[in-house]
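Novice: Mind docking chain B on chain A? Use the hints.
Keeping their order, the protein sequence lines are chains A and B. Using this note's numbering, read the first sequence as starting at 1 and increasing by one per residue. Using this note's numbering, read the second sequence as starting at 1 and increasing by one per residue.
Treat the hints with care, as some may be off.
What the hints assert, rightly or not - Just some of the chain B residues that point at chain A, by a computed CB distance under 10 Å:
no.: 1; residue: P135
no.: 2; residue: K138
no.: 3; residue: T166
no.: 4; residue: S167
no.: 5; residue: A186
no.: 6; residue: L216
no.: 7; residue: T220
no.: 8; residue: V246
no.: 9; residue: A258
no.: 10; residue: T303
no.: 11; residue: L304
no.: 12; residue: Q328
no.: 13; residue: H375
Said to hold, decoys possible - Examples of chain A residues lying across from chain B (beta carbon under 7 Å, computed):
no.: 14; residue: Y111
no.: 15; residue: G131
no.: 16; residue: Y164
Simulated from the structure, these hints should not be mistaken for laboratory data. Note that CB positions come from ideal geometry on N, CA and C, so glycine has one too.
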Amino acid sequence: MNVIVCMKQVPDTSEVRIDPETNTIVREGVPSIINPFDENAIEAAVQLVEEHGGKVTVITMGPPQAEQALREALAMGADEAILLSDRALAASDTLATSYVLSCAIRRIGDYDLILCGKQAFDGDTAQVPPGIAEQLGLPQITYVIGLEVVGDKVRARRLLEGRYEVVEARMPAVLTADKHMNEPRRPGLKSVLAAKKKEIPVWDAAGCDIQVSSCGLEGSPTRVIRTFAPSHEHEGEMIEGDPRDAACQLVEKLAAAKLV
Amino acid sequence: MAIYIEEEKCTGCGLCVASCPYGAIEIVESKARFTDDCTMCGACVSACPQGAIVLEMPRKGEVDTSQYRDLWVVAETTPEGDLAGVTIELLGEGRKLADELDAQVALVLMGDEVGELAEKAGGFGADTVYLVSHPSLKQYRTGPYADVLCGLINKHKPEIVLFGATSMGRDLAPRVAARIKAGLTADCTELSVDPETRLLHQTRPAFGGNIMATILCEYTRPQMATVRPRVMDRAQWQEGREADIVEVPVDIDERSVATKIVEVIADEGAGAVNLQDAEIIVSGGRGLGAPEHFALIQELADTLGATVGASRATVDAGWIPAYHQVGQTGKTVKPKLYIACGISGAVQHLAGMSSSDCIVAINKDPDAPIFKVAHYGIVGDLFEVVPELISAINERRGQ
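Bound-form chain B, shown alone:
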């Protein structure tokens, strides 16, 4: 691993100085020069208009994998300023994997004034928190987050780095992987490690959920993966447990950030439909026959205090907005109770709901694949069964 300046190309313009989040470049006699603070994050490489800065990462087969230790989770925060659910899930899963490798778990927490969350991370099982606080990191943006994270990775050399497979994780992880030339597996639903080889076995669905693939990154480090939310179990809270908090000073010049967030608008409809945290979901499929029949699904959902889900077929047909969609291309859910009404159970759909604690299927086709994953199945016309179900629930509650 090396970073260097081709002096004959350097004009001493100083754009690299502004781009460096670690304040590690100075101009000496009209030429840029790295100081000892350089983490080889590579932020300056694309900032240099002359192409005078070269970051050389070892390629596959050239990496000394024994230098890399520990498992990192890249934290995500909610708009309300709390740790995201997926981050707590990754701390839980990361702990299990790290224990098998006799390794530590670190959380990389980037944001603005997020020190309180760093303390919380200890209770969820992190041994170390790399806390990076700066006003320019308040909202996630690819450039500064990637620069800071690449610097931390190149300096501390983690063996495994996990991200949530969210809009943030799936934007950030491939950017970082491309810079440090590391292998990355998208949207994993199962992880395990082999303590002998120290390899991370990363399993994910592909081809619309029709096939599962297990992937290794044998020769590059860190081994990186994005992990689908609501698949792994959340870390248990341990009162009084504390992490080592390592504050990482950064110096980000807003003028060198290539993107600006102009506005964030809450999606009122989507905001009210939180499938991933719902305890009960009632979903409708093509068996409903027409968009207006979602009213019956809504009625059952209201009776149960449930959230309404939908199959891809109904979303593609425009019967219901996409934020209701459960499945490979929609949301992955894991409620206590999932009631599928008029859903045949395409692999696409099963990939997003089959790990629910209890699945009920109502469908008039006895051969529908949904019955194979259901804990309870009723073969019948949903327009007859669902109203009876609503009255049976109401009657039971009235007793």
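The shape of chain A in the complex, shown without the other chains:
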């Protein structure tokens, strides 16, 4: 049972702020973390291999510092890690990223399942995993909260709007993990230290047969033309008075607007 987990290092979005002068994202001092949904995917992969044997390979596409996130995944129990890093890959959108990752997965070769987090915390698009599945010609099961492997099939429970769906697919398949899937383990000091010593190979575009015209800016059909801080503000009215008084005034106003 060989499982590949595609993961991403993301800024902790709860710490991200907009510079009101320049309307750009302030990234300074914002800590980098493993995308939280990817931690669920790593945990699920490690559990599968604990049960069925085999190995977990984690892969990420990113700048050299993304190696730190891979070390955290190794500490959680992944067996091998690969960093896909090449300047030609920078500025890839979701289509280009899924193409790049599918090329790297072909190079890894021997796998039964590919797990991803359901979406990344920074972009929230959820578009890369189905893109990988399509480019590899594999079935996909998104929003997974539980899974089991039976013979050459995987059976997964999906969390949808107001319902669960149990789906079966032949392997290999691409699955995306929801946060309700499991509780990611916190590695002990010994695992962290062992993970520090592991070799992490760095792959470039040429080594994965990636066509440079299909990745980076050139291979990305979407382009961001503008970013701005959201404005949610309304002209509001503050209601003064003690709680009883304020409550009565509010009810009058709401009743006048036929809201109560």
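Specialist: Frame of chain A; chain B shown alone:
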């Protein structure tokens, strides 16, 4: 755009024949061959164990964008078999955009025996309905839906394709986009078109709602987007308006579908909490201090006939199930009245509720950002204000 078979690799096994939803492949002298019915949907490409079938889509810069016309909405249906709310919202928004482009609106309706819904779509503003009925399309599954839709897109060449940003739309759209090499923007909250360039300006929140980004797909077609439910206005019903219904015959072999739905289980708890259709929502935040204090929120909600919402902080703390969550990572809501109790108003939360018709905020911190979006604000202890509010409502009703 081209699809071809590398004959030296083809073994004539026939798996592609079974995979083709349009019945457009035949085996002649032990080799597969496309008939004129081929829509270039690409379903056969991944079905071929030899990798003998190649679908070549034009890449960025190679697309003749002038060949693409009209705006399509991909329909979604509810478990009860009606058109989903988001589909009606997309027909409303799609109509506005299409009018600016002097284009038609088409609905792609896939399902089993859904002809009645096709007729309904006309009343909601669709000019054309591509009706694809087949037992294998009864429930949404990625494979057959993507195959059918890619075929329709490659054959008819729409300029814009919109999907709901639901579990279905967000599963299907990226699969289709990856096959036809089109640009796709996720979870849009604002759309507009430039009639000169005919480009769709797609605006969406990112970085947890902290920033908005406007995205274009300049060189690929169709321009594709998933759109967040409850953001756009629903299409108005027009009695007597009819769409052209184009029935699309398909032939799906169940054995070639890679996934099987074993079971669908209604989530009793989540099913009862329908935030997106609620007219009034009362939400609780960290100011409640402890999970048991949600009882007070529930009491106010019961008094008003409202649904209970919650901030991410309370869901993350395990005080209340995730299906109550309002915000960027929860539900986007647009009720007539939204009452926020003990919610500070992180951007994350505001992204999901700031377009509510009337917002009331109750919080003891006068500087809480929630007051900036509130139509009415009360600075005070929610444990004092909320009980008074409940009695004031009851007293008024008793009059």
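Novice: Hint by hint, where does the structure go against what was stated? Just the numbers, ascending.
Specialist: 1, 2, 8 and 14
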